[in-house]
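Engineer: This is what each chain is made of:
There are 2 protein chains.
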Amino acid sequence: MISQKMKKMIATSSAIREMFEEGKRLAEIYGKENVFDFSLGNPSVKPPQSVNQSIKDIVDETSEIELHGYMNNSGFSSTRAAVAGYFNKRYGTTYGEKNVVMTVGAAGGLNVVLKSLLNEGDEVVVFCPYFGEYRNYIDNYGGKIVEVPANPPTFLPDLDVTEKLLTSKTKAVIVNSPNNPTGVVYDKEFLTGLVSTLDRAQKKWGNAIYLISDEPYREIVYGDAKVEFLPSLYDNTIVGYSYSKSLSLPGERIGYLLIPDTCTDFEELIASCNVATRILGFVNAPSLQQKLVERCVEETCDITPYSDNKNILTEGLKKLGFEYVNPQGAFYLFVKSPIEDDKEFCRIAKEYNLLLVPGSSFGCKGYVRIAYCVSKDTVVGSMTQFEKLAKRMNLI
Amino acid sequence: MISQKMKKMIATSSAIREMFEEGKRLAEIYGKENVFDFSLGNPSVKPPQSVNQSIKDIVDETSEIELHGYMNNSGFSSTRAAVAGYFNKRYGTTYGEKNVVMTVGAAGGLNVVLKSLLNEGDEVVVFCPYFGEYRNYIDNYGGKIVEVPANPPTFLPDLDVTEKLLTSKTKAVIVNSPNNPTGVVYDKEFLTGLVSTLDRAQKKWGNAIYLISDEPYREIVYGDAKVEFLPSLYDNTIVGYSYSKSLSLPGERIGYLLIPDTCTDFEELIASCNVATRILGFVNAPSLQQKLVERCVEETCDITPYSDNKNILTEGLKKLGFEYVNPQGAFYLFVKSPIEDDKEFCRIAKEYNLLLVPGSSFGCKGYVRIAYCVSKDTVVGSMTQFEKLAKRMNLI
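Line by line, the protein sequences give chains P and U.
Start counting the first sequence at 1; every next residue gets the next number (this note's numbering).
Start counting the second sequence at 1001; every next residue gets the next number (this note's numbering).
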């Protein structure tokens, strides 16, 4: 009796989530320490100390009715002002609360903005490899996903190919830098090129093309990689953010949309996001978490553990003959599958209690994703298993 | 550039939310004490004392990674077990965690279940007057809303009329008792009749018809009114719940779906709700609030203030010549508009700083809703204004 669409969806459900559940099952059989679960982007780094203290302070200092009550569907004024202030301080912008819609994580925010923008059949361009959920989010509102093929080994999308895929029906382009699953950070040169491409397409078709920048990994960058501030490069940029990674709060579902005044039909777009937040059943981002963001807006987790994991993994896998993209941000390593069939490779890896996610889930066959936001013990412990896997794959 | 559908939606946006925003605007002009905002179901009663204490205890006693981290999309096992336990203790059922999906409030839960069930063009039957958002939730998934006309003065739906509206395309019927906006509690006699009607239709059409029971007001009943447990009457019942009212946590967005094993295609339905939770962008219900529910699952707010407000209002308005439905539950009073045009009546009421919501917003013209989940001062203070309004309307 369930919807035909959902029937299919269940059958091809998230490989990431499936691996996550599988990991819990294997841990019960073999013991947690003998299962190396690299499937899910569930941060292992604790939130900054101020998070739990702030929660207790907020509970003590805020009237209960205000703290747990309804507010404008876009969120508390004070929280939205704090988020705007973060941008103004960091990038010299002049945003106000009117530019910010608090959302149920980045996933909620993307749904809200796509609901706001898409007519049946409108096209949304994504760059392979991409977070597989984009496909579902776009489909939720009758949109059509248009994939720009992966461009290894840099994984910077080919702009000539991109330009050919922009049509009169293109409503938005989604970028995600630092990237899940590659860890690539788009540099200024690439982004300048992308923005020129979009500008030409806007002129050609006489339509606005929104650049939706999904930035949950904005604060997680290594070495001298720099995350560009897209609204300064392109007027029609909408930023989606989540505190899931930067404050290690993925279960709390708190994030925002930043919509600059420069966006085409700004007023209508903001009004639409406000209504979409309500009618999609979010109603508003969780109120206590909004208050928390207000207090911790400039905080981030210590990313040293991720950096350490990255170094151990990349050095270790290199010695074992694996090829991968060198990550500049996020906490994912995108490794080339030694055999063509990445799903089969994941199946073999699972025999060694190594849980990886096939690149096919990200629209990019022939690769697998390792989420290294795990404990150092897991990374170190996994190396003997990776060695066995490398031998099995005839890499060493 | 925004979606055509959303353009319309913004224009006809929620009258309730509009009044809520208007109330805040008027309060700035006339002072909060001189504006009588009966627009929104935002509880004025504080959460039970245990709520804030539990939040602090949870923060102190739970590992941060678990507390703020991802879990199964359906929620923490322990929370779902606690909710199942609540039902088992209260109704002698044998539910387990598999029967419970934690949701982002009841609004999130309804979206999840409708996404799971509806194919384009499937019909969902609602009884006028109904919570206006049902229309949007159904429309989100291509469903068609089918309204059973209001049946004053009891506001128990006419079952003969209902039966004629059940077709081969009927996928679900939504009931809401205690009812928003009438305060009516459906008695066993009516529900037995409804269930027989549904059973006949299921047999006639050879399809399951799910009865979605939206129960955010389950714990708010007055006198000897009794809220029936629908799963004991009808196998295909799905219960949607929110802690927004019973624990006064509307901003926190926490609730659940209860899906008994007796539901047709139970396994698939549960799997579908799990996936829908993920792909609609909820991902999971806020994790800290799940932990809170686990500790406070048997608690409810003190509803005496609502009962007192109801008594003051009903006695006062009766004397002034207003007609209304006597509420048995929830915290709404559904008052007959002294003139045919309920929107015009609300406009006139606003001249006296009385903020009411037109019945048209609930699919029932000629009535207005008073949300009396406000402070006693607001209710008492409003009486002189209601008196002026009654004079203006020539009631006294």
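Mixed in with the good hints, there may be bad ones.
[Stated by the list, open to error] Straight-line C-alpha distance at most 25 angstroms; calculated DSS-like pairs for lysine-lysine:
(1) U/K1343 to P/K98
(2) U/K1343 to P/K8
(3) P/K5 to U/K1032
(4) P/K8 to U/K1204
(5) U/K1005 to P/K144
(6) P/K46 to U/K1032
(7) U/K1350 to U/K1032
(8) U/K1098 to P/K7
(9) P/K7 to U/K1169
(10) P/K169 to U/K1032
(11) P/K376 to P/K319
(12) U/K1350 to P/K5
(13) P/K7 to U/K1032
(14) U/K1032 to U/K1343
Hint data in this document are derived by calculation from the structure and do not stem from the laboratory.
Engineer: Regarding the pair U/K1343 and P/K98, is the alpha-carbon distance no greater than 25 angstroms?
Structural biologist: violated (29 angstroms)
Engineer: So if I understand the rule, the pair passes when the alpha-carbon distance is 25 angstroms or less; does U/K1350 with U/K1032 pass?
Structural biologist: holds (14 angstroms)
Engineer: Are the Cα positions of U/K1005 and P/K144 separated by 25 angstroms at most?
Structural biologist: holds (17 angstroms)
Engineer: Just to be careful, I want the Cα atoms of P/K376 and P/K319 compared with a cutoff of 25 angstroms; is the pair within it?
Structural biologist: Status holds; Cα separation ~19 angstroms.
Engineer: Under the criterion that the straight-line Cα-Cα distance not exceed 25 angstroms, is the pair P/K46, U/K1032 satisfied?
Structural biologist: Given pair P/K46, U/K1032 is violated - Cα atoms ~43 angstroms apart, limit 25 angstroms.
Engineer: Please verify whether U/K1098 and P/K7 have alpha carbons no more than 25 angstroms apart.
Structural biologist: Satisfied, since the Cα-Cα distance of roughly 19 angstroms is no more than 25 angstroms.
Engineer: Verify the proposed pairing of P/K7 with U/K1032, using a straight-line Cα cut of 25 angstroms.
Structural biologist: Not satisfied, since the Cα-Cα distance of roughly 51 angstroms exceeds 25 angstroms.
Engineer: Has the given pair, U/K1350 with P/K5, been kept, meaning a C-alpha gap of at most 25 angstroms?
Structural biologist: violated (46 angstroms)
Engineer: Has the given pair, U/K1032 with U/K1343, been kept, meaning a C-alpha gap of at most 25 angstroms?
Structural biologist: The given pair, whose Cα atoms are some 24 angstroms apart, holds under the 25 angstroms limit.
Engineer: Is P/K5 within 25 angstroms of U/K1032, Cα to Cα?
Structural biologist: This hinted pair is violated, its Cα atoms lying about 49 angstroms apart.
Engineer: Hey, P/K8 versus U/K1204, does the alpha-carbon distance stay inside 25 angstroms?
Structural biologist: violated (28 angstroms)
Engineer: Take the C-alpha atoms of P/K169 and U/K1032, compute the straight-line distance between them, and say whether it is at most 25 angstroms.
Structural biologist: Status violated; Cα separation ~49 angstroms.
Of the hints listed earlier, those the structure fails to meet are numbers 1, 2, 3, 4, 6, 10, 12 and 13, in rising order.
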